[in-house]
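Given the coordinates of chain L, assemble chain S onto it according to the supplied hints.
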Amino acid sequence: MTAPLTSADSRLAQLRDALPDLRVSSHVTDRIAYARDLWPGGQIENLGGKYAPEPPLCVVWPRDTAELVKIVEWAKTSGAVLVPFGAGSGVCGGTMAGTGSVIVDLKQLDRVTRIEPENNLVRAQAGIVGWHLEDRLNMEGLTLGHFPSSLMCSTLGGYLATRSAGQCSSLYGKIEDMAVSLEVVTGTGEVLETGRDMGGGLGPSWTQLFIGSEGSLGFVTEATLKVHPAPEHRVMRGYGFRRVSAGCEAIRRLMQAGLRPSVVRLYDEFDTVLARSSTEKGSEADTLLDAITGRVKGSGALPWLKRQALQVVLARPDLTNRMIEELAPRVSADGCLCIIGYEGDRRLVEAQAGLGHEELIRSGGKDLGEEPGWHWFKHRYAVSYKQSKMFTSGAFVDTMEVAATWDRLMDLYDSVRKAISPFAFVMAHFSHAYPEGCSIYFSFAGPATDPAASRQRYDRLWSKALAAATRAGGTISHHHGVGRSKAHFMTEEHGNSLRLLQTLKSTFDPASILNPGVLGIP
Amino acid sequence: MSVPRSEITGQLAEAVGPENLSSSSVDTIAHALDFWPRALMESRQGAWPRGPQWVVWPGAAAEVSHVLRIASSYALPVIPYGGGSSMVGGASPRGDRPWIVINCKRMCNILDMDEVSMVVHVQSGIVGVELEERLNARGFSLGHVPTSMTTATLGGWLSTQSAGMLSSRYGRVGDLCLGVTAVLPDGQVVHTRVAPRRATGPELAHLLLGAEGTIGVITAAHLRLHRLPLHRWFDTFRFDEVAPAMDALRRSLAAGVRPLVARIQRDPRLRRQDRDEDAAEPTEAELALRVLLMAYEGPSELVEAEREIVRDLATARGGEPLGPAPARRWWGQRFAAGFRMTPLLVQDCLFADYVELGATWRDLPGLYNSLEEAFDKRGWRTRIAVEHARLEGASLGCAFWGEAASPGLALEAYDEAWNLAAEVCHAGGGGLGHVYGGGQHRAALVDASSKQRLALLTDVKRKLDPAGIMNPGVLGT
Numbered sequence: 001m002t003a004p005l006t007s008a009d010s011r012l013a014q015l016r017d018a019l020p021d022l023r024v025s026s027h028v029t030d031r032i033a034y035a036r037d038l039w040p041g042g043q044i045e046n047l048g049g050k051y052a053p054e055p056p057l058c059v060v061w062p063r064d065t066a067e068l069v070k071i072v073e074w075a076k077t078s079g080a081v082l083v084p085f086g087a088g089s090g091v092c093g094g095t096m097a098g099t100g101s102v103i104v105d106l107k108q109l110d111r112v113t114r115i116e117p118e119n120n121l122v123r124a125q126a127g128i129v130g131w132h133l134e135d136r137l138n139m140e141g142l143t144l145g146h147f148p149s150s151l152m153c154s155t156l157g158g159y160l161a162t163r164s165a166g167q168c169s170s171l172y173g174k175i176e177d178m179a180v181s182l183e184v185v186t187g188t189g190e191v192l193e194t195g196r197d198m199g200g201g202l203g204p205s206w207t208q209l210f211i212g213s214e215g216s217l218g219f220v221t222e223a224t225l226k227v228h229p230a231p232e233h234r235v236m237r238g239y240g241f242r243r244v245s246a247g248c249e250a251i252r253r254l255m256q257a258g259l260r261p262s263v264v265r266l267y268d269e270f271d272t273v274l275a276r277s278s279t280e281k282g283s284e285a286d287t288l289l290d291a292i293t294g295r296v297k298g299s300g301a302l303p304w305l306k307r308q309a310l311q312v313v314l315a316r317p318d319l320t321n322r323m324i325e326e327l328a329p330r331v332s333a334d335g336c337l338c339i340i341g342y343e344g345d346r347r348l349v350e351a352q353a354g355l356g357h358e359e360l361i362r363s364g365g366k367d368l369g370e371e372p373g374w375h376w377f378k379h380r381y382a383v384s385y386k387q388s389k390m391f392t393s394g395a396f397v398d399t400m401e402v403a404a405t406w407d408r409l410m411d412l413y414d415s416v417r418k419a420i421s422p423f424a425f426v427m428a429h430f431s432h433a434y435p436e437g438c439s440i441y442f443s444f445a446g447p448a449t450d451p452a453a454s455r456q457r458y459d460r461l462w463s464k465a466l467a468a469a470t471r472a473g474g475t476i477s478h479h480h481g482v483g484r485s486k487a488h489f490m491t492e493e494h495g496n497s498l499r500l501l502q503t504l505k506s507t508f509d510p511a512s513i514l515n516p517g518v519l520g521i522p
Numbered sequence: 001m002s003v004p005r006s007e008i009t010g011q012l013a014e015a016v017g018p019e020n021l022s023s024s025s026v027d028t029i030a031h032a033l034d035f036w037p038r039a040l041m042e043s044r045q046g047a048w049p050r051g052p053q054w055v056v057w058p059g060a061a062a063e064v065s066h067v068l069r070i071a072s073s074y075a076l077p078v079i080p081y082g083g084g085s086s087m088v089g090g091a092s093p094r095g096d097r098p099w100i101v102i103n104c105k106r107m108c109n110i111l112d113m114d115e116v117s118m119v120v121h122v123q124s125g126i127v128g129v130e131l132e133e134r135l136n137a138r139g140f141s142l143g144h145v146p147t148s149m150t151t152a153t154l155g156g157w158l159s160t161q162s163a164g165m166l167s168s169r170y171g172r173v174g175d176l177c178l179g180v181t182a183v184l185p186d187g188q189v190v191h192t193r194v195a196p197r198r199a200t201g202p203e204l205a206h207l208l209l210g211a212e213g214t215i216g217v218i219t220a221a222h223l224r225l226h227r228l229p230l231h232r233w234f235d236t237f238r239f240d241e242v243a244p245a246m247d248a249l250r251r252s253l254a255a256g257v258r259p260l261v262a263r264i265q266r267d268p269r270l271r272r273q274d275r276d277e278d279a280a281e282p283t284e285a286e287l288a289l290r291v292l293l294m295a296y297e298g299p300s301e302l303v304e305a306e307r308e309i310v311r312d313l314a315t316a317r318g319g320e321p322l323g324p325a326p327a328r329r330w331w332g333q334r335f336a337a338g339f340r341m342t343p344l345l346v347q348d349c350l351f352a353d354y355v356e357l358g359a360t361w362r363d364l365p366g367l368y369n370s371l372e373e374a375f376d377k378r379g380w381r382t383r384i385a386v387e388h389a390r391l392e393g394a395s396l397g398c399a400f401w402g403e404a405a406s407p408g409l410a411l412e413a414y415d416e417a418w419n420l421a422a423e424v425c426h427a428g429g430g431g432l433g434h435v436y437g438g439g440q441h442r443a444a445l446v447d448a449s450s451k452q453r454l455a456l457l458t459d460v461k462r463k464l465d466p467a468g469i470m471n472p473g474v475l476g477t
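Respectively, the protein sequence lines represent chains L and S. Note that this note's numbering gives residue 434 to position 434 of the first sequence, counting from 1, and the numbers run on in steps of one. Note that this note's numbering gives residue 180 to position 180 of the second sequence, counting from 1, and the numbers run on in steps of one.
A couple of the hints might just be wrong.
In the DMTMM-like style, the derived pairs of lysine to aspartate or glutamate whose C-alpha atoms are separated by at most 25 angstroms in a straight line are [claimed, not checked]:
| # | chain 1 | residue 1 | chain 2 | residue 2 |
| --- | --- | --- | --- | --- |
| 1 | L | Lys-378 | L | Glu-350 |
| 2 | L | Lys-226 | L | Asp-135 |
| 3 | S | Lys-463 | L | Glu-190 |
| 4 | L | Lys-505 | S | Asp-186 |
| 5 | L | Lys-226 | L | Asp-110 |
| 6 | S | Lys-451 | L | Glu-190 |
| 7 | L | Lys-70 | S | Asp-175 |
| 8 | S | Lys-451 | L | Glu-193 |
| 9 | L | Lys-226 | S | Asp-312 |
| 10 | L | Lys-226 | S | Asp-459 |
| 11 | S | Lys-451 | L | Glu-73 |
| 12 | L | Lys-366 | L | Asp-334 |
| 13 | L | Lys-70 | L | Asp-30 |
| 14 | L | Lys-505 | S | Asp-459 |
| 15 | L | Lys-226 | S | Asp-175 |
| 16 | S | Lys-463 | L | Glu-492 |
| 17 | L | Lys-366 | S | Glu-301 |
Hints in this document: simulated from the structure, not taken from any laboratory.
Isolated chain L, as found in the complex:
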């Protein structure tokens, strides 16, 4: 399974010599557990028993910035590759060990350093799990406002590395809108505070240039982030739109009218069924099958039948996708579900909810009341923990989050959906809305009974889908990042401005020891 330690032994000895106090593990369990993140392409390989084809040399746990600097200094002289690791829940292969690499787990750096309610700021270390940070802030009556569905299995450092977005991004922004300064250890071993001058400072914003760098320019060790009073009031409501395009148009008007809802989600025809029936207990496979076999055919399917039916459905995704299109109006009488929520000061919430309601009704929305909104709210973290159940049911699942300005959005939706359709069963929702555009979140499922064939199918699907997204003028990622899975599309994404990223890399990591391969840079 994992390669035995041979020539690597000497390097490990060197590391222990150089940093005798550093916590290091080269235990086989750790080397397998840390070999990769939750990239579904890797999960398909796991199904075939290839758990850690390129295991790391070891895992290290630095306890402070000074120790991390020493690790970087050691890597510079030894030539070892360092891969930053938070909670390992990335879905793009951003934290993948290469043979002989050193995994740097930052979760020892998990303190909230300072809470400054009088400045609406918090300072926290990069290894803190999102949920813990939010919990700590809640105790002070504050919120960060960052709620990715991975909240319980992702770290602040991971958010900053990938330009993460939470479910309330329309109100609180993405992580890059929240961060005002970072402490970074660059690939040269220099410790940099990126934005100590509150409000800007001179020259380019290193804060914005390090956020999203996925560990390729430096390790983020601490961050100062904006915080808000915990909301005193919250409203949620559901609306139905006959077509997904009509719902999009309504959301555009809402955002451009100057309203700032906390939650904006619009599900396409099939995702609507899933959204309305999803619960924490039922696996996504169950729900998916309930949706097709249960709801559409009107029969309650037994579990063993579900598994069979899943294979039938996924064997011909193109047919299934077409069938859903045809059946869409019957699937949900209310059309496409749209969830709108507001939170914060009661007066602002009430005023916005009133104005927003008028706008949505004027745009052709059907008022579905509060229930669909609160149903979503109750189950908002459920989806992130269902992946493995799908894989054990013999299916691969993945998600793709793209974004574009409004003028290109429906074209982006149609193009990507069409590109995925021949390979997998596909559905989508629109979330993370801005005045100038919106993101689209595609979920898809394909057959994974034969791991090798599935991986091929999976790779082809991604190539087609990424090409379709860039052709339609969208970005290939809104908040998951690039990692290694989309690295080969960075030229299409950035054109010749990619040269600027290469310049940053050669400046901050001249020895190329930091997470090489992510973002398409060596």
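Same frame as chain L, but now just chain S:
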């Protein structure tokens, strides 16, 4: 080093067309100085600087590219030039080398207007007010209104990360920018791609935003727009001192209020130049008072809720509501304060400038008071306002002026004032110079942490600009 001037002139003429190239003294003198008060003060002694060797007016990115290739091959320093209204020497040649000024103002077209997404694609040489008027004609506004509005260009704003008087609602100009086109020193034209948000690596436009022309020449940008409001609302609250006004404002922003304008200053009705003819001289007590000026736009129901929140927070902290009039009066005169540079040129012993520093809310009252006190002690006049309020802090904008016994002493006083401001700023936890950029001036005054960040800019610049042609001498490069 001898430079083959006529050879270069010929090549530049080829690049932009002979009609768009000049070495005549009319043009080189006009491009010799920007609005940096120190340089203006020096020049009033008759020492008008020599200016650039060449001024070129390219009409497109391809022509800029051609000019930069020429500059690179002869290692000639280049200044990307917009309105020439830099207050920090960012747009004036320095040293004895023959400079090329690239005047971008011919690149002043709106390239595309996406009214569905509310995004405009526009060239960088357009003057601010012209862009705004053209947007207004179609029912939109950029929402970026610095006092340099009638002088500065979009390219200048982007290069200095300018903050306008509506920054509390619409952010700095970089917050409005979705992507840029820029020409790098070797002539390559790069476009950063447009998306509402993305997660595909660092936002690369940020290497050019705020770089003050040291990395490349920005030739166009995609910008977010806002609907031109049909109505604006104003409110004013009077406080005995500055700290409770700051507290009320900070809490309002935390509650989610998004004001169009939020500033704390002296009552605008007391300003000498703005006062009614027959009004009595303000008393010391009146001058000691501070007012919180608020303006709003947006849907009226939402604005009503915002005003109510601010009213409650302000009155609970001793703020006395003065109604809309004082704030509306400030709004009416919002451009009056800026760019009164002529007195500096004609009054030999006058010195003046504008210090701006940023800080978090906790440090602001202390900085406000210590800055005022330090300047008062030396008998210099000041006018301090809290501006660019945001969730975590705000800026202090401090106009200072005074008269010295001689022109030489005026320069000394000017430098002393800046050193003093820097000292007060760093001791009080503030950051210096974040609205106008650094240019030649501010970069020397910043603290060690800022110097480290600027040193990294030099590192990046070395890779993209090995000949060192791009605006050398600004931002410590």
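message: Check the hint pairing L/Lys-226 with S/Asp-175 against an upper bound of 25 angstroms on the C-alpha distance.
response: holds (16 angstroms)
- prompt: Holds or violated: are the alpha carbons of L/Lys-226 and L/Asp-110 at most 25 angstroms from each other?
  reply: Holds: L/Lys-226 and L/Asp-110 sit about 18 angstroms apart, inside 25 angstroms.
message: Run the distance test for L/Lys-366 versus S/Glu-301: straight-line Cα separation, threshold 25 angstroms.
response: holds (23 angstroms)
query: Regarding the pair L/Lys-505 and S/Asp-459, is the alpha-carbon distance no greater than 25 angstroms?
result: holds (12 angstroms)
L/Lys-226 paired with S/Asp-459 [C-alpha distance capped at 25 angstroms]: violated (30 angstroms)
query: Do the alpha carbons of S/Lys-451 and L/Glu-193 lie within 25 angstroms of each other, as the hint requires?
result: Answer holds: S/Lys-451 to L/Glu-193 is near 11 angstroms, not above 25 angstroms.
query: Does L/Asp-30 lie within 25 angstroms of L/Lys-70 when you go C-alpha to C-alpha?
result: holds (22 angstroms)
task: Could you grab the alpha-carbon distance between S/Lys-463 and L/Glu-190 and see if it respects the 25 angstroms cut-off?
output: Distance ~18 angstroms between S/Lys-463 and L/Glu-190 Cα, so the pair holds.
query: Keeping to a limit of 25 angstroms between CA atoms, is the pair of L/Lys-70 and S/Asp-175 held or broken?
result: Not satisfied, since the Cα-Cα distance of roughly 37 angstroms exceeds 25 angstroms.
L/Lys-366 paired with L/Asp-334 [C-alpha distance capped at 25 angstroms]: holds (8 angstroms)
field: Hint consistency between L/Lys-505 and S/Asp-186 [alpha-carbon to alpha-carbon, up to 25 angstroms]
entry: The given pair, whose Cα atoms are some 19 angstroms apart, holds under the 25 angstroms limit.
message: Against the 25 angstroms threshold, does the CA-CA distance of S/Lys-451 and L/Glu-190 hold or violate the hint?
response: holds (14 angstroms)
Taken one by one, the earlier hints fail for this structure at numbers 7, 10, listed in ascending order.
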